[in-house]
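Protein chains in written order, with my numbering: chain A, 181 to 281; chain B, 1031 to 1540.
Relax, there's no trap hidden among the hints.
Taking CB as the label site, the calculated pair distances span:
id: 1; chain 1: B; residue 1: Gly1259; chain 2: A; residue 2: Ser187; range: 27 to 37 Å
id: 2; chain 1: B; residue 1: Pro1118; chain 2: A; residue 2: Pro205; range: 18 to 28 Å
id: 3; chain 1: A; residue 1: Pro205; chain 2: B; residue 2: Arg1270; range: 34 to 44 Å
id: 4; chain 1: A; residue 1: Gln183; chain 2: B; residue 2: Asp1283; range: 17 to 27 Å
id: 5; chain 1: A; residue 1: Gly198; chain 2: B; residue 2: Arg1287; range: 21 to 31 Å
id: 6; chain 1: B; residue 1: Pro1248; chain 2: A; residue 2: Ala229; range: 49 to 59 Å
id: 7; chain 1: A; residue 1: Gly228; chain 2: B; residue 2: Met1467; range: 16 to 26 Å
id: 8; chain 1: A; residue 1: Ser187; chain 2: B; residue 2: Gln1340; range: 47 to 57 Å
id: 9; chain 1: A; residue 1: Asn216; chain 2: B; residue 2: Arg1111; range: 29 to 39 Å
id: 10; chain 1: A; residue 1: Gly263; chain 2: B; residue 2: Arg1348; range: 48 to 58 Å
id: 11; chain 1: A; residue 1: Lys189; chain 2: B; residue 2: Arg1277; range: 35 to 45 Å
id: 12; chain 1: A; residue 1: Arg220; chain 2: B; residue 2: Cys1508; range: 19 to 29 Å
id: 13; chain 1: A; residue 1: Gly228; chain 2: B; residue 2: Thr1454; range: 31 to 41 Å
id: 14; chain 1: B; residue 1: Gly1224; chain 2: A; residue 2: Gly263; range: 28 to 38 Å
Just so you know, these hints were derived from the structure itself, not from any lab. Ideal Cβ placement from N, Cα and C applies to all residues, glycine included.
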Amino acid sequence: MFQPIGSPKAPVTVHFDGVPITACPGETVASCLLRNGITRFRTTPVSGAARMPFCMIGHCFECLVEIKGLGSQQACLTVVVEGMNIATQAGAARVAGVGHD
Amino acid sequence: MTETGTSSSPTGAGAVAMDADVIVIGAGPAGMSAATELGAAGFRVIALDMNPSPGGQIYRAVELNLGDQRADPVLARALGRAYAAGWPLVARFRNQEGIDYRPDTTVWELRTDGTVGWQRAARGGYLRARHIVLANGAMERPMPFPGWTLPGVMTAGAVQTLIKSSRLKPTGRVVLAGTGPLLFLLADQLLKLGVKPALIARTDRFGDKMKALARLRPAALPAIAKGAGWMLNLRKAGIRTVTGVARLEAVGDDRVREVVVETGDETTRLPCDTLIVHDGIIPSIDLAQGAGLAVEWRAGDASWCPVTEQSGLASPSRGANLSAGASRIWITGDARQIGGADAAAAHGRLVGQTLAARLEAAETEALTAGPARIYARAMAPRAFIDAAFPQGQTSGDLADSTIVCRCEEITAGTIRSKARQGATDPDQLRGLLRCGMGPCQGRSCASTIGRLLSEEFDLKRPPRPFRGRPPVRPVPLCILATLESLDPELVSSEALNDKPDASGGIDSDV
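Bound-form chain A, shown alone:
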C-alpha cells in the first residue's frame, strides 16, 4: 500500500501483535505499521469496524493502538523504539492489567 522513497536507513525491530516487524529509526508507530502493510490498527468499540490512520497529525484518533500495554496511544505521534511492543486495539482501550472478558 505504501512504498519507501529513496534508500531506507538501518532498521530497528518492533513487535506488532507479537510478530517482529522492521521500522526506520525516528519514524512514528503509524508510519512503521503502514510501511509493513498493516491496515487494521484498531477496531471500533461500537461496531467492531477496522480503522487505519486518517489524518496523521494527531486530530482524528483513528490510529489508536496499545503500546507497552497502555491503550489508546496515538500511533501517529509516538516514535518507535527498538523492541517496542505494539498491539491492535480491539474495541475500547483496556486499563493496564484489567481484561475485557
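Let chain A serve as the given structure and place chain B on it in line with the hints.
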C-alpha cells in the same frame, strides 16, 4: 529584566511562580517566528510542540529531508522551494537563545491566566507563564461521505505527512477527491515521486474560477501562477480529471476497494487502493474553546475562528469562565485565521514583537509595521482562493446513513432525528448521542454537526460549536495521578493545608 521566578507565598494568596515569560504552543511557522522574536528580545520562552521536530505540518521534518547528507534528491525536488523556505526559519528557531524547546509534547489544557497542562510520553504537569502564544495551526475540514471511515481513505495532509516524515508514498491505484490547493499540490508532488493517480475527482468547477476573478488582486498573481503550474503538470502527465463531482463513495469490506464518483450526468466506478480526500482547511479551535475564548463564524472560508485583535490578543467568551482576569493568550498563524505558511510566519513575528514590547512596556506600532505589511500581502490571495475552491463535499446533501461522528459511529440520520425532537445546539446533541465525546473530542464531527443543524433549522450560520472543556485530549490516569507540577491555582489557594503536620503536630487532645 523580567519578573519571572516570583515565588508563591506559602499561604497561597500571592503570585504563582512563573516557569517562563511566554509559553508558545506549536512550532510551525507562526509559533517558531513568535518564539524567535521573543527569545531575541531577551525573554524566556518555553515552546511546546506535538511533533518530534520543529516546522509544523508545512515544514514537517525539513531538517531530516534537506539537512541530511543522504537527503533524497527526488524527494527534495518533489517537496519544492516552498518547503525549503522552512529551513532558515527552523534554523533560526533552533539557534535562538532563550527558547526552551520541548518536542513530542501534547497540550491538554489552556487557561486565560497563562496556565498550560502538558503531557510528554509518560510524564505530565502544569506550566505557567505571563503570556501564552497559541499557534496550534489548522486541520483539514472533516469531509463525511459514504465509506469515509474505511481503512485506505486518508486526507491529503496525511499522505503529505507520510511523504515528509516517513518517506513513504502510496502505491497501487490512487484516487484523489475533493478540492482546494493542497489536493493539487499533493497531486503534483505524487507525480514527481513517480506515483500516477488513476483519477482526480474535483468538486469544484471551471465556473467557480470565473466567479472568483472578481476577487482577484494583483498580490494574488504569484499564488495563481503556482496553481496553474500544478494544473499544467497534471494535464501534461495525462491524469484523468473530472470536475463538478456531486457524490463520492468509498466501497469496501475491511478496507477501500472501489470508489464511486458521480457528476451531474455520469457515474464512474474505479478500483482503488488509496482514496485521498481534501476539502480545505479550518483553524484548530480546540484549545481556544477549552480556554473559554470567544469564537466567531467566518463565512468566507466557512470556518470558526477565535475572536482576536490584529495583534493576536484573544477575547474571553461572555459568561462564566474557568479563569478570571484579562486574557493573556495571543493567537497566531492558521489557528487564528487560515492564511498559509508565509502569512503565519509574518503574523507570528508580529505577535512576538508586540508581546516583547508589551513585556517591556514600550511602543509597538513602529516595530510591527514590517511583519504587518508582509502579513497583509500574504493574505491578499485568500478571497480569490476561497471563491475558486468553494466547499465541495462538505456543502452538498449528506445521506442519512453516512457516519458523521467517526469515534462513536453516529450517522447524519440519527443527528437529524434528535434535532427534529428538539436538540437545537451541538452541546445538547453531545449529551444525547455522545457525538463529540469519543477520543477525538469532536474534532472530526463538530463542523458537520453545525452544518446539519444549519440545514435543519435554516440558519444563516451554524450554531456555536461544542463547548470545550479540559482535558481537550485524552490523558492517561497514571499521568494525572503523578503530575510533576500541580495545578498552580489549587496549589496557591489551598496549599494542601488540611494535611496533618508530618512533624507530629497533631492535636494532643485527640
